[in-house]
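Enquirer: The lines below spell out each chain.
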Amino acid sequence: MTATNPPVVPAARTPPWRNVRVLRIVAQVVTLAVVLVIGWWLFNNLLTNMRQTRLSFGFEFLDSTAGFEIGETLVPYSATDRYRDAFLVGIANTLLISLIGIILATILGILTGVARLSNNWLVSKIAAGYVELMRNTPLLVQLVLIYAVLLQLPAIASSIELPGSIFLNQRGLFLPRPVAEPGFGLWLAALIGGVAITIGLRVYASRREALGRSAGRLRLVSFVVLLAITAGAWIATRPLRLDVPVQERFNFVGGLSISPELTALLFGLVIYTAAFIGEVVRGGIQAVRRGQIEAAQAIGLSDGQTLRLIVFPQALRVIVPPLTSQYLNLAKNSSLAIAVGFADLFSVSRTMANQTGQPVSVIVLVMAAYLVISLLTSLVMNLYNRRVQVLER
Amino acid sequence: MTVDTDRLPPPSDVVGPRAWLRANLFGSWASAAVTVVLGALLLVIAVLAAQWVVNARWGVVTENLRLFLIGQYPFDQAWRIWLALTGLSLLAGLTAAGSGAAVRTLAMWLAAGQSLLAALVLVSGLGPVVAGALVVNAALIWVSFYLALRRPVARRALTIGWVLFVPLVFVLLQGLAGSPLGAVPTRLWGGLLLTFVLAVASIVLSFPFGVLLALGRRSDLPVIRTLSTAYIEIVRGVPLITILFTASIMLPFFLPLELRIDALVSAIGGLTLFSAAYVAENVRGGLQAIPSGQIEAANAIGLNAFQRNMYIVLPQALRTVIPANVGLFISLLKDTTLVFIAGGGLLELLAIGRSVLAQPQWFGAHLEVYVFISAVFFVLCYTMSQASYRLETQMGVGTR
Numbered sequence: 001m002t003a004t005n006p007p008v009v010p011a012a013r014t015p016p017w018r019n020v021r022v023l024r025i026v027a028q029v030v031t032l033a034v035v036l037v038i039g040w041w042l043f044n045n046l047l048t049n050m051r052q053t054r055l056s057f058g059f060e061f062l063d064s065t066a067g068f069e070i071g072e073t074l075v076p077y078s079a080t081d082r083y084r085d086a087f088l089v090g091i092a093n094t095l096l097i098s099l100i101g102i103i104l105a106t107i108l109g110i111l112t113g114v115a116r117l118s119n120n121w122l123v124s125k126i127a128a129g130y131v132e133l134m135r136n137t138p139l140l141v142q143l144v145l146i147y148a149v150l151l152q153l154p155a156i157a158s159s160i161e162l163p164g165s166i167f168l169n170q171r172g173l174f175l176p177r178p179v180a181e182p183g184f185g186l187w188l189a190a191l192i193g194g195v196a197i198t199i200g201l202r203v204y205a206s207r208r209e210a211l212g213r214s215a216g217r218l219r220l221v222s223f224v225v226l227l228a229i230t231a232g233a234w235i236a237t238r239p240l241r242l243d244v245p246v247q248e249r250f251n252f253v254g255g256l257s258i259s260p261e262l263t264a265l266l267f268g269l270v271i272y273t274a275a276f277i278g279e280v281v282r283g284g285i286q287a288v289r290r291g292q293i294e295a296a297q298a299i300g301l302s303d304g305q306t307l308r309l310i311v312f313p314q315a316l317r318v319i320v321p322p323l324t325s326q327y328l329n330l331a332k333n334s335s336l337a338i339a340v341g342f343a344d345l346f347s348v349s350r351t352m353a354n355q356t357g358q359p360v361s362v363i364v365l366v367m368a369a370y371l372v373i374s375l376l377t378s379l380v381m382n383l384y385n386r387r388v389q390v391l392e393r
Numbered sequence: 394m395t396v397d398t399d400r401l402p403p404p405s406d407v408v409g410p411r412a413w414l415r416a417n418l419f420g421s422w423a424s425a426a427v428t429v430v431l432g433a434l435l436l437v438i439a440v441l442a443a444q445w446v447v448n449a450r451w452g453v454v455t456e457n458l459r460l461f462l463i464g465q466y467p468f469d470q471a472w473r474i475w476l477a478l479t480g481l482s483l484l485a486g487l488t489a490a491g492s493g494a495a496v497r498t499l500a501m502w503l504a505a506g507q508s509l510l511a512a513l514v515l516v517s518g519l520g521p522v523v524a525g526a527l528v529v530n531a532a533l534i535w536v537s538f539y540l541a542l543r544r545p546v547a548r549r550a551l552t553i554g555w556v557l558f559v560p561l562v563f564v565l566l567q568g569l570a571g572s573p574l575g576a577v578p579t580r581l582w583g584g585l586l587l588t589f590v591l592a593v594a595s596i597v598l599s600f601p602f603g604v605l606l607a608l609g610r611r612s613d614l615p616v617i618r619t620l621s622t623a624y625i626e627i628v629r630g631v632p633l634i635t636i637l638f639t640a641s642i643m644l645p646f647f648l649p650l651e652l653r654i655d656a657l658v659s660a661i662g663g664l665t666l667f668s669a670a671y672v673a674e675n676v677r678g679g680l681q682a683i684p685s686g687q688i689e690a691a692n693a694i695g696l697n698a699f700q701r702n703m704y705i706v707l708p709q710a711l712r713t714v715i716p717a718n719v720g721l722f723i724s725l726l727k728d729t730t731l732v733f734i735a736g737g738g739l740l741e742l743l744a745i746g747r748s749v750l751a752q753p754q755w756f757g758a759h760l761e762v763y764v765f766i767s768a769v770f771f772v773l774c775y776t777m778s779q780a781s782y783r784l785e786t787q788m789g790v791g792t793r
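Those protein sequences? They're chains A and B, same order as listed. Taking the numbering used here, the leading residue of the first sequence gets 1, the next gets one more, and so forth. Taking the numbering used here, the leading residue of the second sequence gets 394, the next gets one more, and so forth.
Please note: incorrect hints may appear among the correct ones.
Simulated pairs of lysine to any residue, SDA-like, Cα-Cα distance not exceeding 20 angstroms [to be verified]: (1) LYS125(A) <-> LEU108(A); (2) LYS125(A) <-> THR428(B); (3) LYS125(A) <-> VAL114(A); (4) LYS125(A) <-> SER724(B); (5) LYS125(A) <-> LEU435(B).
Covered, in the sense of this in silico footprint (three residues per stretch, anywhere, with C-beta under 8 angstroms from a C-beta of chain B), are these stretches of chain A [what the hints assert, rightly or not]: (6) 38-47; (7) 119-132; (8) 135-146; (9) 202-208; (10) 253-262; (11) 338-352.
Think of the hints as simulated: they come from the structure by calculation, not from any bench. Glycine included, each C-beta is placed from N, C-alpha and C at the ideal position.
Just need the whole structure built from these sequences, with the hints factored in.
Expert: Shown next as structure tokens:
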């Protein structure tokens with residue numbers, strides 16, 4: 001008797017509704033179709049609405065005359081210029097605010113972070129209180145509060161004088177302005193030469209150490225050389241002169257004047273962001289393990305060396321990524337300038353949108369500009385981040 | 394239970410107040426000098442601040458307290474807001490009984506906050522009835538807490554309660570034209586009430602959207618991944634104000650003329666679209682923290698993508714990102730103030746402050762108004778950030 005084999009089932013083709021490869025393509029096509037249909041519907045509505053209000057979607061308006069003034073500008077601008085120029089003024093102002101803000105906030109933030117870790121109870125508590133106050137109130141409220149305080153300052157005649165010929169009054173902040181003299185180029189050349197010599201000496205010192213020989217006091221010497229060259233050249237050429245603001249009857253003459261709007265915006269952005277940066281710095285320093293510091297002490301490094309060679313490079317690795325997002329936040333938060341009446345990118349664009357009746361085109365431009373600023377900032381910070389990260393095998 | 398003596402920290406050598414002062418304030422000459430200078434400075438600032446507080450025109454706050462709290466919401470309908478708070482208090486008390494320190498802290502602060510508000514109401518002349526009603530709510534938190542301690546409420550019932558609570562409150566506050574519960578148009582909502590409505594509605598709505606975006610960004614389908622990534626990065630690259638501006642001024646351009654959208658709805662829409670991108674990034678962090686073995690195990694037992702996410706991935710990922718999302722809610726609460734620059738006529742807390750300052754009798758009382766608004770935000774955000782901090786330690790984030 002022969003054993004009957006079980007009937008061979010022919011391999012059934014997977015039906016398409018159970019075939020993963022088909023399903024994957026279908027899912028993507030459907031998603032894309034839904035997004036496109038919604039986008040087309042919105043755009044079509046836009047065109048219909050614009051036709052009914054006799055407007056058109058486009059960017060031609062950029063070449064017509066702007067016709068509005070802007071208070072503080074970096075690049076020359078007048079009301080007779082085109083919208084294109086006004087927009088560029090806005091971008092320049094936003095970049096200016098962001099750059100100065102980032103530099104000042106970083107300095108204040110590092111101070112705050114270090115102060116929070118101070119052995120002195122009072123110092124660390126004051127820093128903690130400052131951080132909590134900043135982090136738990138809205139930036140916008142802080143800005144309008146600072147602006148209201150600035151507007152209540154004394155008039156020109158009774159300005160508050162700060163050390164270093166700095167004056168503060170209702171009309172803003174007046175600072176001495178450095179002005180280049182004829183010898184400036186010469187001094188700059190000497191400075192560059194000095195830096196080059198210093199770098200050369202330091203590279204030489206590192207080479208010696210890499211070969212196991214002592215670098216002696218080469219590093220200190222290189223620093224003294226740089227100082228001597230810079231100071232000597234300064235005395236010889238007198239490259240800069242300070243243009244000090246002088247009080248006249250109705251206003252200050254000379255120097256650098258910063259409007260209350262810009263002062264409030266800059267001050268608010270800096271103290272707000274510095275609190276967040278302080279927390280980032282504190283987290284970074286605390287992330288360095290105690291054993292690292294103890295090991296550094298055990299091999300006989302001084303406190304300064306421990307900080308410079310052991311703690312800081314490791315802390316930086318933790319600090320840089322969140323620091324980047326704080327920088328981006330500062331740049332984006334500068335759009336709150338409109339609340340204190342400073343003409344940044346968003347504020348200028350809003351005026352443009354109102355005047356031209358083309359809000360859609362304007363907002364597309366604004367968003368694109370902010371995106372480019374954000375992307376550039378992250379690009380620079382990511383390059384820097386790559387430098388400070390550990391090279392892993 | 395034995396004590397692991399190897400792991401105990403070394404005993405403190407700082408004993409008594411004098412030793413504490415020496416260690417913390419006068420450790421060295423430099424430290425002592427800093428202490429003295431800072432202490433003197435702090436004293437001067439404290440005296441000046443106290444002088445200002447005593448002499449400030451607080452009438453601008455007390456006489457306009459109703460505006461600050463609920464805006465133009467009709468006063469004879471304010472019981473609806475109170476009822477919503479009562480529901481919140483009841484749920485908070487019952488939930489706190491079965492939860493850890495973080496939720497208990499929040500419930501305690503809710504009780505304390507309502508008592509504080511009652512005191513403020515009493516000095517502002519809104520009447521003892523309002524103050525009494527608020528105290529009843531505060532008491533209700535404690536009563537429900539102790540009752541639930543004795544006889545625990547089922548978790549499932551609480552979950553259903555919370556899920557139903559948010560839409561119910563919205564219906565209660567909004568009402569329905571023609572019904573006994575008359576409609577209160579949203580343009581009358583204002584002040585702290587509106588600030589809360591904006592923040593709570595946007596975070597609740599942005600959560601599912603953000604989870605979808607996070608899953609989309611980690612999907613292996615190129616189209617879905619690209620779309621999600623592009624959305625997240627674009628939204629995170631532009632300031633919130635441009636998105637709110639788009640939502641309030643430009644949305645009408647993109648919709649058919651006969652479709653008119655309520656200003657509140659479009660503001661919530663803008664905030665939701667904005668915060669969804671940030672929720673997505675938080676959730677992505679949680680997703681990345683899940684060991685790949687979990688996903689492989691899910692695949693091995695034959696779960697499909699939907700089942701894998703619903704039963705294995707998301708329950709673990711969402712738990713770990715709760716503290717980060719509390720942080721997001723705090724920033725969203727602060728960001729609601731931007732609604733007032735974006736236009737659309739919504740009078741949240743800061744906008745109410747501005748309109749109060751426009752009253753001629755309170756001309757120049759800027760500092761009082763802004764300090765009051767800052768104080769309100771500080772109390773709210775500080776308590777929530779403390780709760781989130783406790784939640785982190787409770788869940789062992791970063792220590793496991």
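Enquirer: Give a verdict on every hint.
Expert: Structure-based check of all given hints:
1. Of the supplied pair hints, the one linking LYS125(A) and LEU108(A) holds, its CA atoms being roughly 16 angstroms apart against a limit of 20 angstroms.
2. Our distance criterion of 20 angstroms between C-alpha atoms is met by LYS125(A) and THR428(B), whose separation comes to about 12 angstroms.
3. About 12 angstroms separates the Cα atoms of LYS125(A) and VAL114(A), which keeps this hinted pair within 20 angstroms; it holds.
4. A distance of roughly 24 angstroms separates the Cα atoms of LYS125(A) and SER724(B); the hinted pair therefore is violated under the 20 angstroms criterion.
5. Taken as a hint, the LYS125(A) and LEU435(B) pair is honoured in the structure, with Cα atoms around 12 angstroms apart against an allowance of 20 angstroms.
6. Counting residues of the segment 38-47 of chain A whose C-beta lies closer than 8 angstroms to any C-beta of chain B gives 4; at least three are required, and the coverage claim holds.
7. For the segment 119-132 of chain A, the stated coverage by chain B holds: 7 residues have a C-beta nearer than 8 angstroms to a C-beta of that chain, and at least 3 were required.
8. As drawn, the segment 135-146 of chain A meets chain B at 10 residues by the rule of a beta-carbon pair under 8 angstroms; at three or more, the given contact holds.
9. Under a criterion of three residues with beta carbons nearer than 8 angstroms to beta carbons of chain B, the stated coverage of the segment 202-208 of chain A fails, only 0 such residues being counted.
10. Here the segment 253-262 of chain A counts 0 residues with a CB under 8 angstroms from a CB of chain B, which misses the bar of 3, and the coverage is violated.
11. Counting residues of the segment 338-352 of chain A whose CB falls under 8 angstroms from any CB of chain B gives 4; the rule of at least 3 is met.
Against the hints set out earlier in the document, violations occur for numbers 4, 9 and 10.
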